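We have chain A already, so just place chain B on it with the hints.
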Amino acid sequence: NAGVMQNPRHLVRRRGQEARLRCSPMKGHSHVYWYRQLPEEGLKFMVYLQKENIIDESGMPKERFSAEFPKEGPSILRIQQVVRGDSAAYFCASSPRDREDTQYFGPGTRLTVL
Amino acid sequence: ILNVEQSPQSLHVQEGDSTNFTCSFPSSNFYALHWYRWETAKSPEALFVMTLNGDEKKKGRISATLNTKEGYSYLYIKGSQPEDSATYLCALLTGTASKLTFGTGTRLQVTL
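Those protein sequences? They're chains A and B, same order as listed.
Under the working numbering, the first residue of the first sequence carries the number 1, and numbering increases by one thereafter.
Under the working numbering, the first residue of the second sequence carries the number 115, and numbering increases by one thereafter.
Extracted from the complex, chain A is given alone in its bound form (with noise of 0.2 Å):
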């Protein structure tokens, strides 16, 4: 059972470009959830999606970031006119269920705005 799947693994993008971040879950996952951290700090909660389903957003920056979870595909993380506060790394994590369950972690996309 592959794990988590994110890529790009980095990315370099030049200020006011689009951003896309792609996560594929662990097989029979439906819980989607993407993290932030940036730099000399730690995981930041950013979105919880299920498919097809934005469930909480609450750490999401209001403009600018989406995310989605289609019924076929993988979960994408979407930052529109990036600029350089945006550089950070961006894991995404799965699980089967909700709460209790652990929820594990891809290794990354790392994204720096120039």
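Calculated directly from the structure, the hints in this document are not laboratory data.
One should not assume that every hint holds.
Every beta carbon over 10 Å from chain A, so not counted as near; a handful from chain B, in silico [claimed, not checked]:
| id | residue |
| --- | --- |
| 1 | G174 |
| 2 | K183 |
| 3 | Y188 |
As a list, the in silico DSS-like pairs of lysine-lysine whose alpha-carbon atoms are at most 25 Å apart [claimed, not checked]:
| id | chain 1 | residue 1 | chain 2 | residue 2 |
| --- | --- | --- | --- | --- |
| 4 | A | K44 | B | K156 |
| 5 | B | K171 | B | K156 |
| 6 | B | K156 | B | K192 |
| 7 | A | K27 | B | K156 |
| 8 | A | K71 | A | K27 |
| 9 | B | K192 | B | K171 |
Just so it is clear, the structure is predicted and the values come from calculations on it, not from any experiment.
Beta carbons: idealized from backbone N, C-alpha and C, even for Gly.
Chain B only, in chain A's frame:
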């Protein structure tokens, strides 16, 4: 804002030493506590999920205990090995959402 604190921030031990670190959290509104092990350039690796007061879990040389009434969890490593070198994170699951609130971690370095 939920505050999850871990101590010490970093720790340097010799191979064979046993060690422990602490995760502290507000004792109210608690649902589950997760421990992760995070090696540089890798994914955080799940160690334990703990929910009940008095829970004690073990995986090989690593074990953890939970005290929900006083708001702390201990992680123990017996006979540390160089491959145990990593950052150990605890995270709290609270409320109706399934989001984890992470501490800043304890960075463990084990030398020969």
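Right, here's what the structure says about each hint:
1. G174: Fine: 17 Å to the nearest Cβ keeps G174(B) off the interface.
2. K183: holds (19 Å)
3. Y188: holds (20 Å)
4. K44(A) - K156(B): holds (17 Å)
5. K171(B) - K156(B): holds (24 Å)
6. K156(B) - K192(B): holds (23 Å)
7. K27(A) - K156(B): Given that 25 Å is the threshold and the Cα spacing comes to 20 Å, the pair holds.
8. K71(A) - K27(A): Cα-Cα ~14 Å, so holds.
9. K192(B) - K171(B): At roughly 14 Å apart (the allowed maximum being 25 Å), K171(B) and K192(B) satisfy the hint.
The structure shown violates none of the earlier numbered hints.
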